[in-house]
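A.B. asks: These are the residues of each chain, in order.
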Amino acid sequence: MLRAESIKVAFGRKLVLRSVDFAAAPGHLTAIVGPNGSGKTTLLRALTGEVGHSGTVTLDGSDIARMKGWELAARRAVLPQSAVLAFPFTVIEVVRMGLSGGTSGGDKSVPGAALRRVGMTGYTDRLYQELSGGEQQRVQLARVLAQVWHPVWQGRARWLLLDEPVASLDIAHQLLVMGIARDFANSGGGVVAVMHDLNLTAMFADAVAVMADGQIIAQGPMAQVMTDDTLSRAYGCGLRVGLPPAAGSTFVLPHTARPIHEMKPEFTAVDPAHSGTPC
Amino acid sequence: MSGLFNMHGPRWLLIITVVLASALVFGSAAEAGADTGKSDRIVSLGGSVTEIIYALGAGSRVIARDTTSSFPPEAEKLPDVGYLRALSPEGVLSVSPGLIIAEEGAGPPETIDVLRNAKLPYFEIPESYDRAGIVSKILAVGDAINEAEKARVLANALDASLGAAQARAEARGIEHRKRVLFILSTQNDRILASGTGTAAAGIIALAGGDNAVTSFEGYKPLTDEAIIAAAPDVILMMDRGGDHGAANGELLAMPAVTLTPAGKSGAVVRMDGLYLLGFGPRTADAVNDLSAALYGG
Amino acid sequence: MVAFPDSAIETIGRDRDIVARRTRLLLITVLAATCIFSLAFGAAGTSLWGALYKLANGQTLSDMERIVLWDIRAPRTLMGAFVGASLAVAGAVMQGLFRNPLADPGLVGVGAGAGLGAICAIVLGALLPAAFINLFGNWLVSAAAFLGGWGSTLLLYRVATRSGRTSVATMLLAGIALGALAGALSGLLVYMADDRQLRDLTFWGLGSLAGATWAKLFVAVPLILLSICAAGFLGRGLNAMALGEATAHHIGIPVQRLKTVAVMTVAASTGAAVAVAGGIGFVGIVVPHLLRLATGPDHRMLLPNAALLGASLLIGADVIARVVIAPAELPIGIVTAVLGAPVFLWILLRRRGLVDL
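Protein chains in written order, with our numbering: chain A, 1 to 279; chain B, 280 to 576; chain C, 577 to 933.
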């Protein structure tokens with residue numbers, strides 16, 4: 001169980017989080033949604049110990065503020081919103097950095113498998129900086145996966161904390177990445193994801209926390225929280241859940257995409273030169 | 280801490296240590312021996328020391344010199360072992376010296392230590408910018424190169440000549456003494472002038488002039504107002520070659536300089552740097568030349 | 577649609593490692609060669625081989641051979657090796673820590689502080705009581721440079737550390753401020769200096785290994801060696817730092833300790849190197865950059881290779897410095913800059929696309 005109690009974060013005099021309580025359960029994909037500036041990312045950073053805060057964050061009952069960096073690293077991995085890289089490392093070198101943090105350090109097949117999982121086989125020796133933004137995002141995901149390769153380790157769930165994991169991806173890769181997060185949760189691990197896309201959230205998440213103005217205004221199972229009223233209040237515009245557009249208008253929903261593995265076998269060797277259409 | 284460690288650290292360190300240690304063993308195998316000094320192989324460090332050695336007729340015994348030794352012209356043909364204060368020990372030793380004679384202040388100290396350890400005769404010649412200083416300098420060099428008799432003759436002659444110059448200066452009377460400003464350089468229109476305690480101050484005093492700047496020691500930049508206040512009758516500079524007319528014109532056109540007596544009368548004296556400031560055997564001549572330039576005839 | 581076996585992926589990924597390991601072997605050979613070269617060549621015609629032959633036949637060496645080989649060339653060679661290694665490793669560590677390929681130890685104030693210390697010793701040293709000067713002797717400038725470098729780094733580190741967290745950005749900015757202050761104080765002292773002291777300052781600023789003695793080696797080498805050893809353990813941490821401080825922390829790197837160790841080792845080793853050899857530029861930037869181009873940015877490989885290449889490079893530069901205008905010699909800083917700057921420009925031109933990486 002990942003639990004946060006009365007978290008307050010202030011940047012200067014501005015209170016960014018005002019006493020937030022949050023909980024996520026292993027085996028679930030818990031999404032944090034809300035408008036820009038509502039405090040989603042700050043909450044995730046509080047959960048990872050990246051920003052100073054009052055209140056406590058506990059992982060399976062132990063206060064993360066008291067845990068060593070390497071203890072935490074073995075139990076949870078964090079995907080940042082945008083990942084810069086200072087030196088010209090290759091893709092496989094970046095993924096291996098994640099490997100050395102977790103407990104699967106001895107297993108040398110993990111980085112390759114992690115790259116394959118995110119559809120980046122064949123990119124191993126490419127320079128990270130030469131990849132597109134979406135490809136970089138997937139390499140970072142592979143690094144994070146390599147760190148907590150087994151969703152359950154020594155009887156305890158491990159955690160993926162994802163900050164807008166699909167922000168710079170096309171719809172096929174959004175489905176791929178959300179599918180990976182879903183699988184991780186299905187295998188017993190815990191996933192917390194800050195999300196912008198309400199459709200993907202609705203499609204993949206088990207539980208949702210809706211934030212507005214530094215507070216969580218609703219939290220719970222999908223059906224209870226994703227309501228016209230809550231979303232309209234959070235985002236400040238009239239939103240209606242589950243209502244199809246007027247007949248004749250064009251819309252594309254991720255829900256109706258055919259599962260990705262039906263089109264692309266998992267073990268495909270992708271030729272980087274022709275990687276424009278992975279779908 | 281375990282997070283910081285990786286398995287590669289110690290091994291490469293070991294390798295480096297072994298390589299360096301083996302280099303160390305190379306050297307440590309050397310053992311002491313003995314070489315006899317050859318005092319006809321003189322390394323002369325310092326412009327005035329070199330001049331004195333040549334003046335004592337021992338020029339043919341000099342085999343190497345430092346960068347500041349530019350007179351007499353024969354000396355310039357000798358190998359140059361570097362700047363007086365940044366000597367390299369191996370450079371000096373490479374010319375197989377039998378005797379090293381250095382002006383006070385030769386260095387760095389580490390190099391001098393090595394040279395002394397080499398069991399070579401090493402003489403440091405003290406320096407002071409006055410009449411007695413020149414005499415003792417010549418005598419010290421004479422002792423070092425075993426030409427004490429010639430040195431005494433040269434020193435006596437210089438002493439007499441300087442004494443005469445001094446007497447002439449005193450006879451001139453205080454009211455006729457001229458204020459002399461020594462300018463080292465005029466980079467970027469900033470004048471770097473001599474205060475007290477310098478070779479320039481010494482030579483001005485010997486020639487019977489008054490140093491126009493006595494408020495600081497050494498060479499320092501002067502503000503325009505300080506130049507006006509110093510009110511020099513004559514400006515003294517080193518002769519660096521090139522077109523003096525243009526250089527003097529530039530100097531005299533500087534606003535602060537135009538307001539001084541020297542500026543108004545265009546009294547600029549230029550002399551060769553080593554000749555003027557060397558405090559060696561030619562100093563009596565330099566004093567007379569400067570005196571003549573200041574007071575005429 | 578062929579399956580890619582994991583083992584194949586692993587082999588591809590290890591390629592740069594293999595190159596790096598081979599490079600290391602090559603660099604060890606090069607270092608050994610430059611060491612021998614440096615012992616064998618110099619202004620004096622003394623022959624290393626002649627001396628070894630004599631020793632092998634049980635003969636004693638002449639005074640000249642003993643002094644030139646043992647008192648001059650040997651400490652110089654070792655000093656070159658350690659100073660070069662320390663400058664290159666310090667450069668690589670700083671670049672890793674600041675995540676900028678142009679960072680150098682100057683960023684943590686070592687250069688400015690050491691320079692100020694040296695200038696103080698050169699200019700104000702004469703004003704000290706004679707007993708004090710006798711106590712330090714030739715060490716005054718070195719000791720002052722080390723204390724200046726170390727002290728300014730400690731100051732910067734304190735300024736940049738709030739409640740147990742060191743802000744690298746604050747350190748950078750404070751370093752600029754401290755550099756300006758040290759520059760102003762240095763200027764004041766330069767104003768007070770006489771012309772001889774000014775020449776000394778100029779030569780100090782250009783660096784030289786001419787002052788290398790066994791005594792200085794015995795003091796400087798433990799500090800440098802200890803720092804290089806400590807830096808050897810920073811490889812994985814510095815790699816992770818390339819992903820950003822937060823991510824390095826998430827991967828399990830003790831980021832704060834990494835920063836402390838990095839800053840302290842750089843201050844100690846650079847302080848010691850600058851103290852004994854003066855200001856020597858370009859080694860700290862060119863060496864890591866060259867190696868990054870050749871074998872990749874992995875600090876676990878980069879740091880040891882930088883130590884080896886830095887050592888070879890400085891010994892080589894020193895051989896040039898003392899041979900090219902023999903029997904006089906050039907300040908080594910001139911040689912490293914003359915060699916380093918064009919190489920650096922060439923790299924930048926050739927790899928224009930990758931400069932900002």
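What the hints contain is simulated information worked out from the structure, not anything from laboratory work.
Note that the Cβ used here is the ideal one computed from N, Cα and C, for glycine as well.
Treat the hints with care, as some may be off.
Unchecked claim - Lysine-lysine pairs mimicking DSS-like chemistry, simulated, CA-CA at most 30 Å apart:
#1 B:457 to B:543
#2 C:630 to B:398
#3 B:398 to C:792
Said to hold, decoys possible - Taking CB as the label site, the calculated pair distances span:
#4 B:475 to C:761: 46 to 52 Å
#5 B:407 to C:791: 47 to 53 Å
#6 B:496 to C:802: 39 to 45 Å
#7 C:761 to B:465: 25 to 31 Å
#8 B:439 to C:791: 45 to 51 Å
#9 B:496 to A:84: 40 to 46 Å
A.B. asks: Determine for every hint whether it applies to the structure shown.
C.D. replies: Checked hints:
no., hint, in the structure
1, B:457 to B:543, "holds, 15 Å"
2, C:630 to B:398, "holds, 22 Å"
3, B:398 to C:792, "holds, 21 Å"
4, B:475 to C:761: 46 to 52 Å, "violated, 25 Å"
5, B:407 to C:791: 47 to 53 Å, "violated, 32 Å"
6, B:496 to C:802: 39 to 45 Å, "holds, 43 Å"
7, C:761 to B:465: 25 to 31 Å, "holds, 27 Å"
8, B:439 to C:791: 45 to 51 Å, "holds, 49 Å"
9, B:496 to A:84: 40 to 46 Å, "violated, 56 Å"
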